[in-house]
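K.L.:
Spelled out, the chains give:
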Amino acid sequence: MANERLHLKDVHKAFGDVPVLKGINLSVKEGEMVCLIGSSGSGKSTLLRCINLLEPIDNGQIIFKGEDISEPGFDPQPVRQKIGIVFQSYNLFPHMTALANVMLAPRRVLHEPRDQLLAQATALFEKFGLADRMNHYPDQLSGGQQQRVAIVRALAMNPQIMLFDEVTSALDPELIEEVLDVLRQLRRQGMTMILATHEIGFAREAADTVCMLDEGIIIEQASPEKLFTNPSEPRTRQFLSSVLKQ
Amino acid sequence: MINRSAARVAYDKQQKTKGAVIAALSSLVVLIALVVLVPRAPGWEKVQASFFDGEILVSTFPSLLKAFLVDIAIFLWSLPAIAILGLLVALARDQKSPAMFPLRALAIGYTDIFRGVPVILTIFLIGFGIPGLGLPRPWNSPYIWGSVALVLTYSAYVAEVLRSGIESIHESQRNAGKSLGLSSSDTMRFIVLPQALRRVVPANMNMLVALQKDVALLSFIGPVEILRQAGVHKSLLANFTPYVGAAIIFLAVTIPATRYADYLLAKQHRERS
Amino acid sequence: MRQRLGIKKIVIQALVVGVTLAATSNLHAADCAAGKTMKEGVLTIATGNPAYYPWVMDNNPSSGQGFEAAVAYAVAERMGFDKENVEWTSASFDQSIQPGVKDFDFNLQQFSITEEREKVVDFSAPYYSAPMAVLVRKSAVENGAAPTIESLKTLIWGIDSNTTALAMIQETIAPSSTPLLYDDNINVVEAMKANQIDAGMFDLPTALYLGGVVLEDGVVLGQFPADRTDTPDQFGLLMEDGSALKACVDEAVLSITEDGTLAAIEAQWLQETTGVPLIK
Chain A
1 MANERLHLKD VHKAFGDVPV LKGINLSVKE GEMVCLIGSS GSGKSTLLRC
51 INLLEPIDNG QIIFKGEDIS EPGFDPQPVR QKIGIVFQSY NLFPHMTALA
101 NVMLAPRRVL HEPRDQLLAQ ATALFEKFGL ADRMNHYPDQ LSGGQQQRVA
151 IVRALAMNPQ IMLFDEVTSA LDPELIEEVL DVLRQLRRQG MTMILATHEI
201 GFAREAADTV CMLDEGIIIE QASPEKLFTN PSEPRTRQFL SSVLKQ
Chain S
1 MINRSAARVA YDKQQKTKGA VIAALSSLVV LIALVVLVPR APGWEKVQAS
51 FFDGEILVST FPSLLKAFLV DIAIFLWSLP AIAILGLLVA LARDQKSPAM
101 FPLRALAIGY TDIFRGVPVI LTIFLIGFGI PGLGLPRPWN SPYIWGSVAL
151 VLTYSAYVAE VLRSGIESIH ESQRNAGKSL GLSSSDTMRF IVLPQALRRV
201 VPANMNMLVA LQKDVALLSF IGPVEILRQA GVHKSLLANF TPYVGAAIIF
251 LAVTIPATRY ADYLLAKQHR ERS
Chain G
1 MRQRLGIKKI VIQALVVGVT LAATSNLHAA DCAAGKTMKE GVLTIATGNP
51 AYYPWVMDNN PSSGQGFEAA VAYAVAERMG FDKENVEWTS ASFDQSIQPG
101 VKDFDFNLQQ FSITEEREKV VDFSAPYYSA PMAVLVRKSA VENGAAPTIE
151 SLKTLIWGID SNTTALAMIQ ETIAPSSTPL LYDDNINVVE AMKANQIDAG
201 MFDLPTALYL GGVVLEDGVV LGQFPADRTD TPDQFGLLME DGSALKACVD
251 EAVLSITEDG TLAAIEAQWL QETTGVPLIK
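Residue numbers (our numbering), protein chains in the order written: chain A, 1 to 246; chain S, 1 to 273; chain G, 1 to 280.
Hints listed in this document are in silico derivations from the structure and should not be mistaken for laboratory results.
Among the hints, erroneous ones may be present.
Short derived list, chain S residues pointing at chain G, Cβ under 8 Å [to be verified]:
(1) A20
(2) V47
(3) L237
Note that CB positions come from ideal geometry on N, CA and C, so glycine has one too.
Turn these sequences into a full structure, and let the hints steer you where they fit.
P.N.:
Structural data, given as structure tokens:
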């Protein structure tokens, strides 16, 4: 287990009286790409937000690189720098240019020379085909471009794991592919990633592991070949057929 | 298709012209009614002599303008203090951790009290009361403590405006900041506040207009600003025309400011939709 | 119809007056107010609310106690109204000088008679000439304030802006710092307590009252002789512009002035004028 990056043990989370996560167990290895699938309200987004410590969990453990980061009183700020998250609705800062969006957190947090940070940010923009969009404001960018900037923003903190929360769901179909390309690129680089996604085709093609969530529980966890061609759970089968029908 | 849209354009244009004509006509009717009918009222001559005496207006206007400089000075030095205090109170109200409860409670109490108490009472209480505790000159000046009273009152209002602005920024923006590892103060400073401030500009413009008028209340504790100067003239001349002169000067400032605030508001609505 | 009723009332009134006062001059005066008051047979008199010592005692003008209350009843009597036929109402300064119909027959609250004011309202003959006086705190006297123009120049002045004192200060004293202005006496005194001003200018009775009752360590530093000032403040009864009652009111005021009634009232209520030095 030396290369285990993240380990969730029996994670529980409820909003008021409504349980959302009812005992999640999951291990993510370095460089692994895990896809979370399941219908809306199955708990995928909540799980990602819990890992990023945006939501405190009620019970269980989140172990990141051997350390329990879910302990009460644990300072979430340093950990969040190492765990990047990208949201469905991009959440870019509308009053800043794309470059300023990307530079803000590194400049305030990383304590590295400005020139060096700027070079790194510029390199990221170039790498993901956004070099000519650096000085644009979010409302001057297409949805796909905004989402790519959001990814660059998270990557600029040099995270050790990236969480993607339905990052293509808000996009027009013709813009989805450019974002998925970025994800493929990250995968080739060996980034450790957890994706909540409805893109079954992409999960099938790129994921190492696919987890089927249903009512706050991972009911099936397998390789994509196994899960998509021969799921063992009837509810997985039901979900897949409903998704594929669309 | 082209024909139809051309017809539409023509129709729109016609409607617009029609609207303008109706507006102009009805304005004219109202104006004529005012100009013709009001002077026919039996008491008009007396009212005109008391409120609209041209000679008095001309002779008192320069001294009113000079007194208005006092208003402007008080306004200008109160403004930065209101901005800073209002922001601090708004931030204090936004504190969510239990350790900050006393601060938050203090801020809530402050805004409740100073928004609830009539401005004039605050001005008397602070303008006379605090110097009455035994401050030496010049630190007991009514200019200082009257301004403090205005600052305390208006900061309470501005704090509420800012707080509404801060709360209008979607939680996802804060989350985005937090998720990048920014501290909550950095998140507030770089992400929430810049957006919130922009959003409350129109509301604060209205605050400025109100403040500009309330500066005149300082005359109750001594300073001879425009409204008091007008009052002096009124008292000596037994005529209200100097107040009309003061009103003209006020309107010359507040109408453009109000129009500008409306313009900003309309612009904001356009941008959001 | 209305006229007949009026005559009937006047006859009754004349009889009442004749029986109670048994003076022929009163019968004559009573005629002059007939049909000219706001309410037939009743004289409506306004004063400020609150009205202060020594003008009206205990804010109760109908007691007849206090200089203006006593003057009002004396004037009313000469006009042919006995105590029961006098009704009191209150009116603010601003209300009183507004154009239009008044809701009083005459109004007395230390209105200084000025030419400008006479354009919009009517004043009776003066019933009092008030000398102006300077009120300071003990601390000012200790700091060397004296009843000389030279000394008064150096003080910071506060004035009730509704009075004519501002013009007088600027003309007679010409102080080195701009006077501060207030809405009423009480605020002037409050500013003195806050040490924001050194001195206030009031007519003598007011100064005595404020210095004796309101301001604990108040001292009336000095008074200007009425003839020393260019325009000594004279108080008149205020009436609506063009009031039909004016002649009658004037006659009554002159009557109490001539026969010494007014002087007696003044001596009774405003006798403390002595003991305050003249300003040199």
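K.L.:
Confirm or reject each hint.
P.N.:
Going down the list of hints, with the structure as the test:
| no. | hint | result |
| --- | --- | --- |
| 1 | A20 | violated (40 Å) |
| 2 | V47 | holds (6 Å) |
| 3 | L237 | holds (5 Å) |
Hint 1 alone, counting from the list given before, is not met by this structure.
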